Amino acid sequence: MRYSLLSLVRQAFRGHRGWAPAWRDPEPRPQYDVIVIGGGGHGLATAYYLAKNHGITRVAVLEKSYIGSGNAGRNTTIIRSNYLLPGNEPFYEHSMKLWEGLEQDLNYNAMVSQRGVLNLFHADAQRDAAARRGNAMRMHGVDAELLDENAVRRMAPFLDFDNARFPIRGGLLQPRGGTARHDAVVWGYARAADSLGVDIIQNCEVTGFVRQAGRVVGVETSRGEIRAPKIGMAVAGNTSRVASMAGLRLPIERHVLQAFVSEAIKPLIPGVITFGAGHFYISQSDKGSLVFGGDLDGYNSYAQRGNLAAVEHVLEEGMAILPMIGRVRLLRSWGGIMDMSMDGSPIIDHTPVEGLYLDAGWCYGGFKATPASGWCFAHLLAKDEPHEVARAYRLDRFERGHLIDEKGQGATPNLH
Amino acid sequence: MRVPCPFCGERDAGEFTCLGDASVPRPDASSPDALARFVEAVYMRDNPAGRYEELWYHGAGCRGWLRVARDTRTHEIHGVAFFGEPEA
Chain X
807 MRYSLLSLVR QAFRGHRGWA PAWRDPEPRP QYDVIVIGGG GHGLATAYYL
857 AKNHGITRVA VLEKSYIGSG NAGRNTTIIR SNYLLPGNEP FYEHSMKLWE
907 GLEQDLNYNA MVSQRGVLNL FHADAQRDAA ARRGNAMRMH GVDAELLDEN
957 AVRRMAPFLD FDNARFPIRG GLLQPRGGTA RHDAVVWGYA RAADSLGVDI
1007 IQNCEVTGFV RQAGRVVGVE TSRGEIRAPK IGMAVAGNTS RVASMAGLRL
1057 PIERHVLQAF VSEAIKPLIP GVITFGAGHF YISQSDKGSL VFGGDLDGYN
1107 SYAQRGNLAA VEHVLEEGMA ILPMIGRVRL LRSWGGIMDM SMDGSPIIDH
1157 TPVEGLYLDA GWCYGGFKAT PASGWCFAHL LAKDEPHEVA RAYRLDRFER
1207 GHLIDEKGQG ATPNLH
Chain L
154 MRVPCPFCGE RDAGEFTCLG DASVPRPDAS SPDALARFVE AVYMRDNPAG
204 RYEELWYHGA GCRGWLRVAR DTRTHEIHGV AFFGEPEA
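Line by line, the protein sequences are chains X and L.
Quick note on this note's numbering: the first sequence kicks off at 807 and runs consecutively.
Quick note on this note's numbering: the second sequence kicks off at 154 and runs consecutively.
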């Protein structure tokens, strides 16, 4: 069923009893052309673009829980393409462009809202760094504006401009950045992929790989054996665990990142605002809640919950630019598990095991990358060669020394 | 999470910095396969769900480097010792 104003009006008169389920709940078939492990945003987007761009519709998406139950439902919903390095910027801009046409393409309201992403700076050296990044973005055809203090004051007069320790001197604005509704992105991709014939199989945990003559030819799951000549992993957070079933050891650590949401207040924050002297980002949801987050807790974790030291640190950072949030009550906080790669950038590549492909290491950047990650992973699975904008995301870049270290931290996954 | 420092006693995790895997020895730079071994040591991780040996630095305390055995699924700490010394 195509969603439109007309279908909504028609259903309203029928008491909304005629809506069909947005996707089927099929039994797994024994054989597919491609299996995608992981029913999050990336896995579902991969399946959708496999069907839409490459005509491969005998595709199964295997999800151990329900779709979108992992990091797709745990992020802070920010979309942006304000990267510095040539390996990253074309990829994230490709994602940004896909976000801009996503709702029409999927026929689903993902609440994509280009309300702007503003990175504050607090010192001359930071202004130079912001100008450099803005110029790099513009050279890749991406929008970027360097704002002085007065321009930021007009945009966000409530910030603590004269903070003694971190005075706000200006900011780098990407007007096309913004937010999207994370669950709707998952549901939209699921519905669109399903309508093209993709089987979305929930409550189906992969427990092992079926090997034949060295290559992977299928997976063992909690719902039986399923075979396919090509198998893609999009299981960020669980990458090391699933890869170890195929005997792989990867440049990835698993870390916990906490996020927070406040009680709903009247419209206050126009877009996404980030603190320049620490790692803090905040936006306001359409319901009115302030949604914000900061750094990783800093230690390996599979627990999906963090500790109070990181909570205190994030709230202190928030108070440094927005003292007024001290008056707002925190509604809840939660932890998501980040696939932290050794250089802070993702991996979309073959693995050394024939038939097994990897989409992993998304660190903090997974949500905004969802459309392009699916687009490029589908390209790799269909054509066996990397997509033009994902050429740098090779698994062997660590031994070749071609790291994409946006933050310049070296092989320290807890600092990226 | 509280870390039982062998010198300072049980202290809040916020006093510490985690460096990561404590089970990676520095490879011998003069060995013929030094490059491959450094790639393994610097970049590749087991990343286990379960018991994990880590290096923690007690920056806001005794400034000692600790070897902490911790469960990455529950954050439970099984044992702590100064790095290079046997567990007490």
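Quick caveat, the hints were computed from the structure, so don't treat them as lab data.
Being a predicted model, the structure only gives us computed values, none of them experimental.
Don't be surprised by glycine CBs; every beta carbon is placed ideally from N, CA and C.
Honestly, I wouldn't trust all of these hints.
To be verified - Label pairs and their in silico Cβ distance ranges:
| id | chain 1 | residue 1 | chain 2 | residue 2 | range |
| --- | --- | --- | --- | --- | --- |
| 1 | L | E193 | X | Q817 | 55 to 61 Å |
| 2 | L | R204 | X | D930 | 44 to 50 Å |
| 3 | L | R204 | X | R823 | 49 to 55 Å |
| 4 | L | W218 | X | A929 | 29 to 35 Å |
| 5 | X | R944 | L | P239 | 56 to 62 Å |
As the list claims (entries may be wrong) - Among chain L residues calculated to face chain X with C-beta under 10 Å, some are:
| id | residue |
| --- | --- |
| 6 | C161 |
| 7 | D174 |
| 8 | V195 |
| 9 | R226 |
Here is how each hint holds up against the structure:
1. L:E193 with X:Q817: 55 to 61 Å: Taking Cβ atoms as reference, L:E193 and X:Q817 lie about 58 Å apart, which means the hint holds.
2. L:R204 with X:D930: 44 to 50 Å: 48 Å, holds
3. L:R204 with X:R823: 49 to 55 Å: 53 Å, holds
4. L:W218 with X:A929: 29 to 35 Å: 32 Å, holds
5. X:R944 with L:P239: 56 to 62 Å: Once the Cβ atoms are compared, 58 Å apart, the range 56 to 62 Å for L:P239 and X:R944 holds.
6. C161: Given a least distance of 16 Å, the restraint on L:C161 is violated.
7. D174: 8 Å, holds
8. V195: 5 Å, holds
9. R226: Cβ of L:R226 sits 5 Å from chain X, so the hint holds.
Hint 6 from the earlier list is the only one contradicted by this structure; the remaining hints agree with it.
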